[in-house]
Amino acid sequence: MAEFGPDSLPAYLLVAGVLFAAGVLAIGTRRSAISVLIGIELMLNAAALQFVAYDRFATTPGPQGQAAAAFVIVVAAAEAAVALALLFAVYKTTRDVDLESTRELRS
Amino acid sequence: MIAAALFLACCGLAIAGALGAALVRNLFHAALLLGLSLCGVAGLYLFLHAYYLACVQIVVYVGGILVLILFATLFSADVMGRLQRTPRWLLALGTVGAAVAGSTAWQLGSQVLAARPAPAAVRETPPGHDVGAIGDLLLGDWLLPFLAAGFLLTVALVGAVATVRRHQRTREVAHG
Amino acid sequence: MIAGTPFTLGSPETCLGVGLLAVLLADMVLARTHQQLTAWLAVLTAAVAMAIAWHTPVAGLPFGTPARTAAIAIIGLVLLANTRVGEQDHGAWSTNVLAIGLGASLTASAADFVTLWLGLELMSLPGYVLAGWRARDRRAAEAGMKYVLFGGVASALTLFGISHLYGLTGQLDFGLAAPAGPLSPTLVAALCLSTIGLGYKLTVVPFHFYAPDVYQGAPAIAVAAVSIAPKIAAMAAVVRLLTNLPFAGADLALAGLAIVSLGIACFTALVQHDARRILAFSGIGHAGALLLAAACLPGQALGATLHYLLAYGAANLGAFVCLWLLEPKNGSGALADLAGAWTRRPGITALLSLFLLSLAGLPPLAGFLAKWNVLAMALQRDAGVADRPWVTWGAVALLLSTPIAAWAYLQILRAAVLALPPPETTRESRRPDAGAMAVLAICAAATLGLGLWFDAASTLDAMAR
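Protein chains in written order, with my numbering: chain A, 5 to 111; chain B, 186 to 361; chain C, 126 to 590.
Extracted from the complex, chain A is given alone in its bound form (with noise of 0.2 Å):
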């Protein structure tokens, strides 16, 4: 067993464990549009951090972690700029975010 520590792998397998599991609890729980994205995020902070974390304990270390890190950050930016669009148009129409409230789709 590992000491959980600055440099023990494990440690930050456990962060990024949490944080996944805390963005699903905030997706699965919560009826906001906005604690979806609350979630997504940190979902994709929990990879990020998982990235870079595999990254610098690899047998051969190399930049390719850090580098798709870099690609998560850039992709969330455009992802919540998509989504608060969205949001956006969804509030022009129903004055709300709420996915109980926004239902018209059905058979």
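Hints may contain errors.
Examples of chain B residues lying across from chain C (beta carbon under 8 Å, computed) [as the list claims (entries may be wrong)]:
id: 1; residue: Tyr-236
id: 2; residue: Cys-240
id: 3; residue: Arg-273
id: 4; residue: Gly-282
id: 5; residue: Ala-284
id: 6; residue: Gly-287
id: 7; residue: Leu-293
id: 8; residue: Leu-328
id: 9; residue: Leu-329
id: 10; residue: Leu-337
id: 11; residue: Thr-348
id: 12; residue: Arg-350
id: 13; residue: His-352
In case anyone wonders, no lab produced these hints; they're calculated from the structure. For clarity, every value in this text was computed on a predicted model and none was experimentally measured. Even for Gly, the Cβ is constructed at its ideal location relative to N, Cα and C.
Since the structure of chain A is already known, use the hints to place chains B and C on it.
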């Protein structure tokens, strides 16, 4: 000693912020707690010698994306979470799930370390040297994804602007 | 040890990227009276990119070359169908559709997980925007929001899987990531997580739930843009993953997903009252059939998969363009709103019937031959082919689901051809222009031609091998 304490603080910040963001009913507070978690992760990047990423995390994530999300909370009619009712059993389940995920990840990490052929040597990167390596990779072997990311940002912003403009200009259009 | 996906200047991605920027610039610079030029510039870009894609083989994946060409061709046809710039922001529309083509091209040629993920994102983000395209429309906005939220979750799960994959193998390239010997359970779990994004794009069953809502709420022409080309590209990525990372049980997993997709799609389609929802479930079923074809790899499955993709793409694109032309201008796809289409526009309704019958799998049309090829592949009993009971069950599911799904298509036809419109309503629908008619002609020719090209599977297989 101080390093270990700081590391613990960063971990605590990241975990507490994330769980808070997932559980707090007030959406505005949840978004702020997300920011706290992001700052904790930035601190962990420093411990991982990813100095450049730590800066980007603060500037882009906390400074940009988080502001977008804070702005988005204004679209919710129930920002304060008065109408949010999360069942207790779901919360309990979620917390247990988080604990299980954490311990599984810990196990996995130990496994990965054990399976590595050589004892995973910790690489020492002096501050500033990580940027050069990332740059070499992005303009070398990973040029295609790098360009793709640029196009992704361009298209996302064009799309976002077009969406907002179309939904805002409707009155003008109705007049002619 | 890093190889990544090589970048060459003479690739269709370059052409699409430069064309995209040119369209964006032209949209800003040109006066309102010359905006038509931007629409044609976008069509031209797609045409040139298609020609380049045809002549540029995808490194390491022969199947990728025709798949990438087909995806770009579909994007070009979508652009050609909607060249009338009367509506606002046509430049932004063209930019987004071209970006989907760029993403599809990247996905089909990706040789590492980061490029694959970025390609998927590049197909998704413009898709979210297009789904919510109709201004001041509650359903379109809801479709866009649901699409972006579910898509974001799928993409985050994918990325989480990829990061574990990186940690476990130390590699991000498809080929190098394959370790010698059997895969560990953790690695299989990570691999499954990292393919969620592909499943989402293919609308395979556990990741299909967004499709009916998005298809119903988005404009029909936007659905044509977001549904077909990404599926072709995702299928190319699936083939690449299967050839680079062959692991025991892949055929079982694929056939299982195929059976569930086929079963759920055909029964749920029966209770829908919206033409586009029916087509969404049809897409889910066809995705199941495609996975069944992929489960037969290796063998002649590549040709069958390619033929199925082409047949499905042509018929589906045609059906969506027909619906787009037949629907009332508020964009409702409800079956009740299709009533009287035969009296208003008999030609387009006849074409719609052709495409729907092809999707249903009626004999002289492409859909029949495509299904036949997949069935023949799955039921093949040669000396060289190992016994695959799951694939056989998948073939049974495909066989049983076909008549049930056909009944759902007939519901659309009944609404369009037989039902009479309420007498007092005068529905205004879109006026078909030359571009849209050309697209319909191409799709109809492809649907007929692919149906009569009996040795398509073996010919295409020789090309894709």
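Checked hints:
Nearest Cβ of chain C to the Cβ of B/Tyr-236: about 20 Å, over the 8 Å cut. The hint is violated. Given the 8 Å rule on beta carbons, the hint for B/Cys-240 is violated: about 21 Å separates it from the nearest Cβ of chain C. Hint on B/Arg-273 is violated. Least Cβ distance to chain C is approximately 24 Å, over the 8 Å limit. Interface hint status for B/Gly-282: violated, as the beta-carbon distance to the closest one in chain C is roughly 15 Å, over 8 Å.
Hint status for B/Ala-284: violated, given a least beta-carbon distance of 18 Å to chain C, over 8 Å. Taken as an interface hint, B/Gly-287 does not check out: its beta carbon lies about 14 Å from the nearest beta carbon of chain C, beyond 8 Å. Using the Cβ-Cβ criterion of 8 Å, the hint placing B/Leu-293 at the interface with chain C is satisfied: the shortest such distance is roughly 6 Å. Checking B/Leu-328 against chain C: minimum C-beta separation of about 5 Å stays under 8 Å; hint holds.
About 4 Å separates the beta-carbon of B/Leu-329 from the nearest beta-carbon of chain C, less than 8 Å, and the hint is met. Hint status for B/Leu-337: holds, given a least beta-carbon distance of 5 Å to chain C, under 8 Å. Given the 8 Å rule on beta carbons, the hint for B/Thr-348 holds: about 6 Å separates it from the nearest Cβ of chain C. Satisfaction of the interface hint for B/Arg-350 is found here, the shortest Cβ-Cβ separation to chain C being roughly 7 Å, below the 8 Å cut-off.
Nearest Cβ of chain C to the Cβ of B/His-352: about 5 Å, under the 8 Å cut. The hint holds.
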